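Trainee: As they're listed, the protein sequences go chains U and P. All residue numbers for the first sequence refer to the numbering used here, where the first residue is 1 and numbers rise by one. All residue numbers for the second sequence refer to the numbering used here, where the first residue is 1001 and numbers rise by one.
There is no bait here: all hints are sound.
As a list, the in silico DSBU-like pairs of lysine-lysine whose alpha-carbon atoms are at most 30 Å apart:
(1) U:Lys38 to P:Lys1059
(2) U:Lys112 to P:Lys1306
(3) P:Lys1077 to P:Lys1063
(4) P:Lys1059 to P:Lys1031
(5) U:Lys111 to P:Lys1306
(6) U:Lys38 to P:Lys1077
(7) P:Lys1063 to P:Lys1031
(8) P:Lys1077 to P:Lys1059
(9) U:Lys38 to P:Lys1063
FYI, nobody ran anything at the bench for these hints, they're computed from the structure. In this text the structure is predicted, and so the values were computed from the model without any measurement.
These are the residues of each chain, in order.
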Amino acid sequence: MLQQYTSVGVFLTVGALFVAVTLLVGRLLRPHNPYPEKLAPYECGEIPVGGGQVRFNIRYYIFALIFVIFDVETVFLYPWAVVFEEIGLFAFVVMMLFIGTLVEGLVYAWKKGALRWV
Amino acid sequence: METFLIVAIKSVLLVVILLTVFAHFMLIERKFLGYFQLRLGPNRVGPWGLAQPIADAVKVIIKEDIIPHDADRITYKLAPVVSLFVALAAYASIPVAPPVEIFGRTIELSIVNPNAGILLLLATTSLGVYGITLGGWASQSKYSLLGALRSTAQMISYELALGMSVVGVIILAGSLNLYDIVAAQENIWFIFLNPIGFIIFFISIVAEVNRVPFDLPEAETELVSGYSTEYTGIRFGMFMMAEYVNMLTMSSLATLLYLGGWNGPGFLPPIVWFLLKVVLFLFVFVWLRASLPRLRYDRLMDLGWKVMLPVAIANLVLTAVFVVLF
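Let the hints inform the model, and build the full structure from the sequences given.
Mentor: So, in structure tokens, the structure goes:
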């Protein structure tokens, strides 16, 4: 098992090296000629209005919260699925209870209007 | 030491192959989009435009690297690197063919073969969202920020349906190992045993890699180019590379999970079967781009949470019932 992770390490090193070399070659070849107009954030050629930190819809945050709950619960399904055939009916009944809870959570969020995008 | 050398050679080969495939896939995509619209596509550089990828690479490398004056410099510079690095790393656990014998040694055609291969793969691909979010935020531009937010919400929403649909395959195969999953499909591909799961999975991967009709993060008609608006030169190129390598990873994963991986009639070697199926998926990506309009954002979220997720759960329950009964 340890050897597997060494392999991942080797591959990641090769990947990182590739990225680093590309950046380095680029740095040697490309021109560098900044001036204020060029460095302004792009807004269709106009002078930008206000800063880049605009307020955004709170919905994004709510969806992220619901996601965390469901994603953690999904992870529990993986080990269950692997041994499912060995354990059989008992595993099925227990997991249906678990999925029932999961669905209840989804229905609750739905009814509360948390899934509505306004 | 010798195994270390083999892994090193495999790693270098894989990176080179991924980038070659990326470059030429981009050319093929432009060609096909051209044909779909009764145009010729790129045809000036080399015969049939074959040298276009080289021209593009040179151009992208020698372009000036512009960093907006408000930008968070470190994050801004790191974001595309993270994107590309994660995209490459994800491919490490994908096997492309059964192990081969070279010079009397058995060599696996994947960098790693962990017991929980599918889990490692899903974990790595879901890291991809960081590059996009950080890049969009660090640019300090309105378009970039909106693109980044959209892509975050979209990718996490569809990841749920993706994860749920994969559970169906794991129940059928009884293993998290990708070699075992392919071996379990020797007689019948999982696309026939689990068609609903496949449809959910395919729609989710299109959304995961931000492709049409789910390309809202870079919707060019409203957000210019979304999270990559402020990026120029090689850093923009890295975002592009990451996107296309992700597409390749997801196509390979779909092939392994549902289309029987390298299984196929014996007149072609296994790796050819695998590549043919991957190319089929890549073609569908281009086909979708040529034929479908973009979704509206609220409909995108509704589809993800109110259709895909419930259907994925239902599919999971159905698969479990199916396995218990038969």
